[in-house]
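J.: Given the structure of chain F, go ahead and fit chain U onto it with the hints provided.
Protein chains: 2
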Amino acid sequence: MKSDLEKSFEFIIELEKLKSIDRKIKPVGLDRYENSAEHSWHIAIVALALGDFSNEKIDISRVVKMLLVHDIGEIDAGDVIFFDDNGKEEAKSKELESVNRIFGILPEEKRQEFFDLWDEFENGGSAEAKYARAIDRVMPILQNVNNNGQSWQENGIDKEQVLSKTAYIADGSEVLWESISKKIEVAFEEL
Amino acid sequence: MKSDLEKSFEFIIELEKLKSIDRKIKPVGLDRYENSAEHSWHIAIVALALGDFSNEKIDISRVVKMLLVHDIGEIDAGDVIFFDDNGKEEAKSKELESVNRIFGILPEEKRQEFFDLWDEFENGGSAEAKYARAIDRVMPILQNVNNNGQSWQENGIDKEQVLSKTAYIADGSEVLWESISKKIEVAFEEL
Chain F
49 MKSDLEKSFE
59 FIIELEKLKS
69 IDRKIKPVGL
79 DRYENSAEHS
89 WHIAIVALAL
99 GDFSNEKIDI
109 SRVVKMLLVH
119 DIGEIDAGDV
129 IFFDDNGKEE
139 AKSKELESVN
149 RIFGILPEEK
159 RQEFFDLWDE
169 FENGGSAEAK
179 YARAIDRVMP
189 ILQNVNNNGQ
199 SWQENGIDKE
209 QVLSKTAYIA
219 DGSEVLWESI
229 SKKIEVAFEE
239 L
Chain U
49 MKSDLEKSFE
59 FIIELEKLKS
69 IDRKIKPVGL
79 DRYENSAEHS
89 WHIAIVALAL
99 GDFSNEKIDI
109 SRVVKMLLVH
119 DIGEIDAGDV
129 IFFDDNGKEE
139 AKSKELESVN
149 RIFGILPEEK
159 RQEFFDLWDE
169 FENGGSAEAK
179 YARAIDRVMP
189 ILQNVNNNGQ
199 SWQENGIDKE
209 QVLSKTAYIA
219 DGSEVLWESI
229 SKKIEVAFEE
239 L
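Residue numbers (our numbering), protein chains in the order written: chain F, 49 to 239; chain U, 49 to 239.
None of these hints come from the bench; they were simulated from the model.
One copy or two, it doesn't matter: identical chains are merged, so the pair holds either way.
Straight-line alpha carbon distances no greater than 20 Å define the calculated PhoX-like cross-link-like pairs of lysine-lysine that follow:
1) K231 with K55
2) K231 with K207
3) K72 with K213
4) K50 with K230
5) K50 with K231
6) K158 with K55
Note that the structure is predicted; figures quoted are calculated from it, not measured.
Only chain F is shown next, with the shape it has when bound in the complex (with noise of 0.2 Å):
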């Protein structure tokens, strides 16, 4: 039987796989494709940073913990883009198999821990799940309008599909999505 802290450990070396995960988009400044363990980073210290702007009070450190564990399932899955309905339909279903194998590896209070931040963060109606999933569709926004619209233009997506589809930062941010939305339209002028 391995103690608890091998379990731990364990744990801890199944994550590396995460930072071989690549987004479609490009960090501002690189000439690379973005990893899924650099960009939880970045959205957990942009939690941070923008948490006076959510709509609702809420527990920051909440969000954080759930923005940490958000794409651990992609260690399976892959990342999928959003824009992709049907991929990410499928996707889904294979990051949920996922995280319980890897959740599954740690001991049982933490194993249930991290899965329900996890799940909270994919199917919560808290404040601070539609924050944190606010956050997490802001950061690519924010990128592509300071990357000429990368990750747009390399997947033929349009102004409608981005204004449509990321409509729902508001319910987390009414401040962010107003300021996000102009963003959008004015890139897209600019392309």
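T.: For chain U alone, kept in the frame of chain F given last:
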């Protein structure tokens, strides 16, 4: 005058640069060096996973936040190998300049919040700071243990250096140090 929101967006884009700061270690299973952004994500999760092993009762949320910001100073200062005493001293003052510049992009209140987290990690005597520094140190040891001592070998670091320089892990977690110090012994026998 920039609005608080525009200042925050500028800060967020500035953080992209941490994704290009290479460390001396390679993630287990990947043939490239780790960058400081994905490292920061990893240890924030590691802190959550190993929180029960802290010597003292801790506010784990503050630990996570500290770990998320602790390497931002490397954006201007670069990463210096942990075993280079002279390099570390010089880096420390460069990192202070760097975080003053980067957190200085933020609105006043947020600037202070981020600086306080960074400063507590670097200089603090709290239980949270001790545990956070232990976690930051545990991670590259686990990677070396699973990676045939890659960064030890590439940089000519011997067992005594590792054991003496990382013994402060015990200040944050005696349980972790007991386990990790044994792993160091075994790993060097197998090199």
